[in-house]
Each structure stands twice: as C-alpha cells, then as structure tokens.
Amino acid sequence: MQAHVLLSIDREQIQPFFERVPELFEAYHGLESQNPEGYHELLYRVYRPYTNRMFDMIDEWMGFGQRSWHSDVGREVVLMLYAIRYPDTLLLESLSDEVFLDIRRISGYLHFMKHTYTIWDEDTRKGLARLGINIPSTDRADPFIYGAYISAIELLKELAPFYSFMEHDVPRQRLFQAALAGYGREG
Amino acid sequence: MSSNKVVEHFQPNFEAWIQQFNEWQSRIGFESSWLGDYQFEIKFDWGTAGDNIEFGDFEGMPKWERRMQVPQQNIRDAIINMVSVQGDTEFASVEQQWHLLESAPTEYDRKSALRIMCEEQRHGWQMAYVLCNYFGDHGIREAQKLLERNSSANPIRGEDDRPRLLGSFNEPINHWIDFFMFTHFIDRDGKFQLKMLSTSSFKPLAASMGPMLKEESFHLGTGANGIRRIVTQGVIPCALIQKYVNKWVSTGLDLFGVDESTSAEWAYVYGIKGRYDERDSEVDADRKHLNEESRGHYFDELKKEMVAINARRKDGEPGLLIPSDKFNRSVGKFKGDRHDIYGNPFEGGDEEWEQYIHDSLPSDEDEAQLEEYFKEEWIQFRELKE
Chain E
1 MQAHVLLSID REQIQPFFER VPELFEAYHG LESQNPEGYH ELLYRVYRPY TNRMFDMIDE
61 WMGFGQRSWH SDVGREVVLM LYAIRYPDTL LLESLSDEVF LDIRRISGYL HFMKHTYTIW
121 DEDTRKGLAR LGINIPSTDR ADPFIYGAYI SAIELLKELA PFYSFMEHDV PRQRLFQAAL
181 AGYGREG
Chain Y
1 MSSNKVVEHF QPNFEAWIQQ FNEWQSRIGF ESSWLGDYQF EIKFDWGTAG DNIEFGDFEG
61 MPKWERRMQV PQQNIRDAII NMVSVQGDTE FASVEQQWHL LESAPTEYDR KSALRIMCEE
121 QRHGWQMAYV LCNYFGDHGI REAQKLLERN SSANPIRGED DRPRLLGSFN EPINHWIDFF
181 MFTHFIDRDG KFQLKMLSTS SFKPLAASMG PMLKEESFHL GTGANGIRRI VTQGVIPCAL
241 IQKYVNKWVS TGLDLFGVDE STSAEWAYVY GIKGRYDERD SEVDADRKHL NEESRGHYFD
301 ELKKEMVAIN ARRKDGEPGL LIPSDKFNRS VGKFKGDRHD IYGNPFEGGD EEWEQYIHDS
361 LPSDEDEAQL EEYFKEEWIQ FRELKE
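Going down the list, the protein sequences come from chains E and Y.
Take 1 as the starting number for the first sequence in our numbering and just add one per residue.
Take 1 as the starting number for the second sequence in our numbering and just add one per residue.
One or more hints might be untrue.
Said to hold, decoys possible - Once the Cα atoms are required to be at most 25 Å apart in a straight line, the calculated DSS-like pairs of lysine-lysine come out as:
#, chain 1, residue 1, chain 2, residue 2
1, Y, Lys375, E, Lys157
2, E, Lys114, Y, Lys335
3, Y, Lys375, Y, Lys314
4, Y, Lys5, E, Lys157
5, Y, Lys314, E, Lys157
6, Y, Lys43, E, Lys157
To be verified - One-sided and incomplete, this derived list gives chain Y residues near chain E with beta-carbon spacing under 7 Å:
#, residue
7, Leu213
8, Arg279
9, Gln380
No wet-lab data here; the hints were simulated from the structure.
All C-beta atoms, glycine included, are put in the ideal place defined by N, C-alpha and C.
Working from the sequences, and respecting the hints, build out all of it.
So, in structure tokens, the structure goes:
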C-alpha cells in the first residue's frame, strides 16, 4: 500500500493543491469546529509522562466522549505511545479491540503526543483522493491503511514547493492535514 | 532537467572547499559531532526557478544556466556579489549563535537551534557550491572568503579586521532573547532576500532558493514562537522585551540597504534580483526605490506578526510595538537622525538623546536583570517530541 501510494503520485494533479495550501489551511484550521486556540494549547500541555488528564484534553478537542477502557487497556495504549517511533504503524496491531476499532481516537493521541503522526480524518482522506491518492475508508486502526495515509502526507510535504510553507505555529503535518481536509470538503 | 535534484557528486574544487569548511568549523568552535546524522546536501528545485527571465531588460529571454551564457562581465560580477553576501550571512549566524546551545532553556529549544545551525550551514554550502561550480577561479576565491571572514561577535574567534559583510551579523547574540529576536527579525529579512533571488535570471541561483526558503520557514517560526512563549509565560516584563525589539528591528530594517540604491536598480535591470512579490505584482517596478519597497513589505509583516504576539500577553502587561522605521537607523535616509520609537523628531539636547537611547535599547543593567529572570521558568515549556 505504501509503495503504491509513493509510486503512483501524479505531480501535475497535485500542483493546484500546493498553490492553495496556505489558504486552505487558514480556512479549515480557523473553523470554530476546529477550535484553533484549543489545538495550540494542546501542543504545549501534552508531554511525558502522559496522564489521564492529557488524554481527556485530547478527547475533548477531538469531540469524543468519556473513555471507558479497562485499566489494562489504558496501560497498553500508554506503553504503545511511549514505544512507537514515527513513521512506524505496525505497533497498532498490538492494541486491544476496544482501541483498535477507533482510528480517529488513536490518531489523535499519536498526533498530540508525537507531533509527527497525522490525525485521521474523513475529509482529509477525501482530499488525498482528489489528488489521486486513494486511501480506503476505515474505522479500524489498520496499520497498513494508516501507514499509507501518513506516508502520503509525508510525501506531499516533501514534494511541496516553498510557497506552500507558510509561517505558522503548528507542526507541518497539521498544516498539510488541515489543508487536505479543506480540499476534501470542497470535493 | 528534473524539477528537484540533490547533487551527490562534487567537482574537485568543491571537494577542496569542503576541506576548508571542516577547518572553519573547528576554528570557530562548532563541533562537527553536534550534527549527528545530518548530511549537508546541495538541493535545487528547478521546477520553481522559471525558464525565462521574468523582469528587467532581458525579460523573456531564456534564463542563464551557465556563466558563459551571462552576457556581460559586470552582470557576472553582480551575481557573484549577491551569492557571496547571501553565503556570508549563513556562516555568520552560526558563528554568532553556537555558544547558546549549552544554555538552552529546554531540550526542544536546543534541538531547534541546532537544526537551524545545520540548515544555515547547508545554505552556506549551497552558495559556495554555486560559486565554485559556476564561476571559475573568481567564484572559488569568493567561496574561500566565506570561511575567512568572521563575525566580530564570535566568542572564540571574533575578528574586527575581517568582519562579516552586514552589520546584524557582527552583533553579539548574548542569550536566548537575542536568539529568538534574531530568528524572528533577522531571519525574516533572510526570507525576503531569498524570495527576491528566487526569480533570478541566473537559474542555478533561482533554483537554490526553493529548498532554502522551505527550511527558512522553520527558522522564522522558531523565532516567532519563542517570543510568543516568552510573552505567554509573563515572567520577563514586556517593557524589557520591548528594548530588544527596538534593537533588532532597527538593525533588521538596515539590512535592506540604502534608499534610492543604484546597485538594487542594476540588479533589477539585469534580472538577477526581483521584488519580494515579483510574480504576484501587477504594477511596474519603481526601479529607483526597490530597497524602500522591500523594506516596506518587511515592516508591514513585522507589525502583523506583533499583533499575534501581543494576543498572548498577560493581563496588565503593556503591548509590544514595532518601533518606527526612523528610529536608531544606521543605513538609509534616516541614518543618524534623532527620532523616538514612535517616529517623532526628538526634541532635546545630546545628553537627553543619550539618555533616551539608553532607556530605549538594552543596557548593561538590562542584561544583568535578564540573567536574574533566566533563573526562573521564563519561557513556556515545550516538550521535544520523538
């Protein structure tokens, strides 16, 4: 999947997107539903050692309800978050079903605790599809699908010309993910 | 020619320059082991460089890809000068900043500063590569000079007799407030210079700018974020921070050069250095006032950035402001004039003026006061991720 994504990218198809990255980011990241102030606060307030309060803050920003994990599951997630190194995704396979079945939630934790992994988002997936990068839809934290998703965004970062890189206070993964989400919504 | 290219095999003259570069690192006190696995690469983005000359008297002709395609010796000299000045600033900033690594407030800041220094050195490599590979013996000599001049502010090897070419790059960067101010205000000037060269008629120079600009955005972000984090924390009073803003803004404005510059005009005529918004502008260039126009864009951007910084202020702290472009200038039409930070002519004698400057710019007492603040949690914590 990852190899397919990396080899089949069409540079002409992605060019119009690159020209609009700053505008798309501003529009999407600035939405009230995206709570940009809350996002920025999380960049500073989530750090090791990870606490339940930090998970709560991420859940709140992502719009999730209370977690109802067994304590063993919580420990398993924390251990995974300490162990995983970008861009590895295979560790996701070790998660219990309670967590494995929720890719959005786990991608949120990965994003705010690592700043390198990207939040899984349906609009972003649609944005990638508009660029000719088709990532299957899923709710599960499938390491291969999520791996292809983050690799595709990483590749776009690599290929993007300088004018896509506005000055901003967010990780570049968020810059491209939010711009892609805005692009996906248009489609 | 592919749109992106990383050069992997170097010519002997550049290999020789690399040896000199390694010696330079040792001389100035920068330990090569700090680079870790970072590799210096020569990167060209031919896709954004453009195929035809975009402005000036050669507009519409194919961009020059080799020295011998450049039609006149004075144009070749002007290109060499542009590349040399750019390269000079890249190495200078490392000379000014490396000593701060051991006093970083957080590991995140230390790694960010180190990344900036790695990338600045890479930019210097890129400029030296252009000189060595495109401009024969003259270029090779100029590339050597990039490593012979030395920032007067370098704590190990500052040299007043062979200083760096531009004023800001001989200013001491004593601590992390200076570092964040430098990356916010002076690297921002760098962004403007790189953008103006990104449309150059000399294609290898234009193609060098894309990758450099991409990296530069991180440097600016580090500066802007750093200042925002200091203001958010609220330990160092804004009145004290303001003095450092006053110092670095005035030197940043000076970097754009003299007003009514003939060299800027010739660079435009030759197509080697455009306006900041060259590709977007719908009006003809005012060739007599190119530096003023660029400085104006820079000044506007500083004011916009300051709004975002002020939004983080704690209650009761005064707002930070960008001082007038007439204040404390050493270059341009306001050079040596006496204006206050609001741009009003200063009314008073020499003694009062000295006092005003003392009160508006960082003094020895302010530096001592800062040292006390540095013993506290003076900047918002940010974790180093991964």
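Which of the stated hints cannot be reconciled with the structure, identified by number in ascending sequence?
Going through the list in order, the structure violates hints 1, 2, 5 and 8 and respects the others.
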